[in-house]
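Protein sequences, first through last, are from chains A and B. No gaps in the numbering here: position 109 of the first sequence is 109 in the working numbering, and each next residue is one more. No gaps in the numbering here: position 122 of the second sequence is 122 in the working numbering, and each next residue is one more.
The hints are simulated quantities; they were obtained by calculation from the structure and are not laboratory data. Yeah, the Cβ is synthetic: ideal placement off N, Cα and C, and Gly gets one too. Check the hints yourself; a few may be wrong.
[As the list claims (entries may be wrong)] Partial list, computed: chain A residues near chain B (C-beta under 10 Å):
{"#": "1", "residue": "14"}
{"#": "2", "residue": "50"}
{"#": "3", "residue": "53"}
{"#": "4", "residue": "56"}
{"#": "5", "residue": "142"}
{"#": "6", "residue": "145"}
{"#": "7", "residue": "146"}
[Claimed, not checked] Dumping the calculated BS3-like pairs for lysine-lysine here, alpha-carbon to alpha-carbon at most 25 Å:
{"#": "8", "chain 1": "B", "residue 1": "135", "chain 2": "B", "residue 2": "122"}
{"#": "9", "chain 1": "A", "residue 1": "4", "chain 2": "B", "residue 2": "179"}
{"#": "10", "chain 1": "A", "residue 1": "4", "chain 2": "B", "residue 2": "122"}
{"#": "11", "chain 1": "B", "residue 1": "179", "chain 2": "A", "residue 2": "75"}
{"#": "12", "chain 1": "B", "residue 1": "69", "chain 2": "B", "residue 2": "122"}
{"#": "13", "chain 1": "A", "residue 1": "164", "chain 2": "B", "residue 2": "122"}
{"#": "14", "chain 1": "A", "residue 1": "88", "chain 2": "A", "residue 2": "40"}
{"#": "15", "chain 1": "B", "residue 1": "122", "chain 2": "A", "residue 2": "151"}
{"#": "16", "chain 1": "A", "residue 1": "156", "chain 2": "B", "residue 2": "221"}
{"#": "17", "chain 1": "B", "residue 1": "221", "chain 2": "A", "residue 2": "233"}
{"#": "18", "chain 1": "B", "residue 1": "122", "chain 2": "A", "residue 2": "230"}
{"#": "19", "chain 1": "A", "residue 1": "207", "chain 2": "A", "residue 2": "90"}
{"#": "20", "chain 1": "B", "residue 1": "69", "chain 2": "A", "residue 2": "226"}
{"#": "21", "chain 1": "B", "residue 1": "221", "chain 2": "A", "residue 2": "155"}
{"#": "22", "chain 1": "A", "residue 1": "75", "chain 2": "A", "residue 2": "40"}
{"#": "23", "chain 1": "B", "residue 1": "135", "chain 2": "A", "residue 2": "207"}
Listed here are the chains, written in short residue letters.
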Amino acid sequence: MQIKPSINRLGEKAILLQWDFNIAPENLNWLLSIKQILQKHVIESKVQIINTYNSLLMTYNCSIENIYNDFNALKSYDFTGISYEDFKGKLYKLPVCYDVEFGLDLDELARRNSLTASEIIHLHTQPVYTLYFMGFLPGFLYLGGMKERLKISRKKEPRTSVLKGAVGIAENQTGIYPNSSPAGWQIIGNCPVELFNAHTENPCPFKAGDQIQFYSVSKQEYDKIKQQIKAGKYILKPESHA
Amino acid sequence: MPKVEVKKAGLYTTIQDLGRLNVAQYGVPQSGVMDSFSAKKANLLLNNEADAAVLELTMAGPILKFQSKTQIAVCGAIFDMYLDEKPITNAKAFQVNSGSVLRFGGLKKGFRSYLAVQGGFKTAVVLESRSHYPKITSASRLVNGDELEIDSLENTVIASARVNFEDQELFSNTIPVFKGPEFELLPQKLQQELFIENFTLTPAGNRMAILFKELLKNNIKGIITGPVIPGTVQLTPNGNLIALMRDCQVTGGYPRILQISEMGICKLAQKKPGEQVLFQLSEFY
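Here chain A stands alone, though its shape is the one from the complex:
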């Protein structure tokens, strides 16, 4: 694995650190370990650090002098002492209703991939997905680890709108639409849990590096969870053994 990143300025107010490695959970944890250490020990200024699969982007809201100092400190920083075990995410279990009412494309997926509905549900709920980062829409999770047998291309004609919570598949990715939105993904179910709320201090319950697993719920259970959420009585907690 490449240890020393390429370090470049991105405009006047950002520094991009890029590694040449694959999409993998241990690489993500390594990035996030570095992020923690940079924030604690290397960077002096107020800075926002986000990660993607193979990059860290540091965005500054301060004078250019500070960026210059940090840039030089990063250039000479020794990345070898950092272990990917320095970062630990949390595991969350999320309910999904795969009822035909929500699973608009279950039939198409079943037909094209020669699967039954219950096989689809089994394949989708089995993996522990890794949350790499959020992007595309506020609260949209980039999840890695989907089963190859569920892989399917996007809709030929994107839908003008799907429901908030729609669970979709596109190529080898699965995700949840945090709000109603135009959508090109194949929709297989719906997650009742609120994934993004701009009016709370923590707008999303998850962070990059967390793990997500889905479990199947009936329409009745789905409605019950929706009611609990509406009443403010549903609390999403990480699993204790993560």
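Starting from the known structure of chain A, fit chain B onto it as the hints suggest.
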């Protein structure tokens, strides 16, 4: 709190400040004024904080009625403007009385203008910013009949400052840029073409991105989805150049061949569809 009534909203008028600077981790766009240079000048004229919320007007401005005495300043694109039907000018503070009406007329130069009011507009703060963005703020632009809260000022002393505007710089057609992370993937001929050719803005531009008409034929590969920021210029497999603007997403999968400087973003924000720009390579110091 006194209010400003939106009699007519104009073509595309939004509330903006300097945006959301710490929520990219949740996939939330930065947003904020497209032309920060002009917005900051307007606030400066009124002794406001640089991040006080202003109105961003696009191409056709609004008609506003003030319910209390305050001061205003407009910077950026140059419109015909009338305060109680008397013409007023850009880049100067004006006192406004209770009941005064500000009307924007024809656009003379540029594309986006910034109206600052003393103390800033006091619309709801969401994720540490008042900037309009769909599904983040309850509104994503102004509509006729809106009422915007402002500070009440007992004794307004008119600020006498007048900023000598560097109009020529803001409205010139050269856009300062840096090399982007994937610049070196371009064949040398394309690298040169980027700084020789004029690029024409298409009508598809908005606060998320500005697209150019000229195509750069290429066969460079996409990248693993990576970070992008306002000012990142992407090159698609079809050869389209896309300059990301303030409401852009936080990640993207197209090669990032250029990064526009902060002033360059402001200048690009002042260009209308059909106008041409020339990218000018800058070095970091």
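Practice task
Assess, step by step, whether the Cα of residue 221 of chain B is no farther than 25 Å from the Cα of residue 233 of chain A, and give holds or violated.
Solution key: Violated, at about 48 Å.
Handout entry: Given hint residue 122 of chain B paired with residue 164 of chain A - CA-CA distance at most 25 Å
Key = Not OK: residue 164 of chain A and residue 122 of chain B at ~30 Å, beyond 25 Å, violated.
Handout entry: Distance restraint between residue 69 of chain B and residue 226 of chain A, which requires alpha-carbon spacing of 25 Å or less
Key = With a Cα-Cα distance of about 48 Å, the restraint between residue 69 of chain B and residue 226 of chain A is violated, given a limit of 25 Å.
Problem - Agreement of residue 207 of chain A and residue 90 of chain A with the hint, judged by alpha carbon distance not exceeding 25 Å - result: OK: residue 207 of chain A and residue 90 of chain A at ~9 Å, within 25 Å.
Practice task
Mind checking the alpha carbons of residue 4 of chain A and residue 122 of chain B for me, to see if they're no more than 25 Å apart?
Solution key: Distance ~46 Å between residue 4 of chain A and residue 122 of chain B Cα, so the pair is violated.
Practice task
Verify the interface restraint on residue 142 of chain A: the C-beta must sit less than 10 Å from at least one C-beta of chain B.
Solution key: 7 Å, holds
Handout entry: Pair hint outcome, residue 88 of chain A versus residue 40 of chain A [Cα-Cα no greater than 25 Å]
Key = Given that 25 Å is the threshold and the Cα spacing comes to 16 Å, the pair holds.
Practice task
Starting from residue 122 of chain B, check that the Cα of residue 230 of chain A is at most 25 Å away, please.
Solution key: Violated, because 29 Å separates the two Cα atoms, which is more than 25 Å.
Practice task
Sort out whether residue 207 of chain A lies within 25 Å of residue 135 of chain B, counting only the CA atoms.
Solution key: 20 Å, holds
Exercise for the section: Using 10 Å as the Cβ threshold, decide whether residue 146 of chain A counts as touching chain B. Expected result: Violated, about 15 Å.
Practice task
Measure nothing beyond the straight line between the CA atoms of residue 156 of chain A and residue 221 of chain B; if it is 25 Å or shorter, mark the hint as holding.
Solution key: This hinted pair holds, its Cα atoms lying about 23 Å apart.
Practice task
Would you mind confirming whether the straight-line C-alpha gap from residue 69 of chain B to residue 122 of chain B stays at or under 25 Å?
Solution key: It holds: about 16 Å lies between the C-alpha atoms, which stays within 25 Å.
In terms of the numbered hints stated before, the structure departs from hints 6, 7, 10, 13, 15, 17, 18, 20, listed from lowest to highest.
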